[in-house]
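**Q** Using the working numbering, the first residue of the sequence shown is number 740, and each one after it goes up by one.
To be clear, the hints were calculated from the coordinates, so they are not data collected in a lab.
Treat the hints with care, as some may be off.
[Claimed, not checked] When the alpha-carbon atoms are kept at most 27 Å apart in a straight line, the in silico BS3-like pairs for lysine-lysine are as follows:
hint	residue 1	residue 2
1	911	892
2	888	931
3	892	941
4	868	888
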Amino acid sequence: MEFLSYALEPVNLPYTFLMILVSFYWLGTFVGVLDLSSFDVDVDLDADIDMDADVDTDADVSAEGGSAVNNLLYFFNIGEIPIMILISFFALFLWVGSVLSNYYLANSSWGVAAILFIPLIIVSLLLTKVACMPFVQMFKHINKPDDVKVVGKVCTLRSTADGENMGLAEVKLDGIAQTVYVVTHDGTPLNKGDQALVLMRKEDKNCYVVEAYHTSN
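All chains should be modelled from the sequences, with the hints used to inform the complete structure.
**A** Pasting the structure below:
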């Protein structure tokens, strides 16, 4: 009870409010109003930067930025498990961390709470990564695309990809859209929205090898 009462302290209220929202989501899922994919979105993984000058430099910056974002999303398993599982664990660790930190520091100052904010975010993200590992394996087993069906299919890139940096692509199997990680066959960069032909599965990176696909007019 002491923990819950301290959760209502002003410095903890933003995290408590977030936790309440997550709890309502899971309540809605339990009664059937919502499901795990209710808040899944097609994340725009690449920043679109339109500049007329120095086009080559802009292209390099965009590719490097997109690659960094892709690697970050891959690290946190975004696209492999429902986004609300990630958010729920993150909110839980953030809430518990805030309450415990402010409790043991006997803190009621917003200034100290602000200093604690960044460390809490970092620790919560890392704990979320660890906590979600079993779910990644579970959803990989549930949603694992049939390699035989994927190879030879045309997919649509949801993020940039090249020979070294994986990107996300969407391929339809039996009318159901599946998200897979891809790299390009010859290293040629592919951008979000491009179509590609799936050539083979690359076991060492747990992704598929693709090449640009152009429809004939």
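**Q** If a hint holds in the structure, say so; if it does not, say that too.
**A** Checked hints:
| no. | hint | in the structure |
| --- | --- | --- |
| 1 | 911 <-> 892 | holds (8 Å) |
| 2 | 888 <-> 931 | holds (23 Å) |
| 3 | 892 <-> 941 | holds (15 Å) |
| 4 | 868 <-> 888 | violated (30 Å) |
Hint 4 from the earlier list is the only one contradicted by this structure; the remaining hints agree with it.
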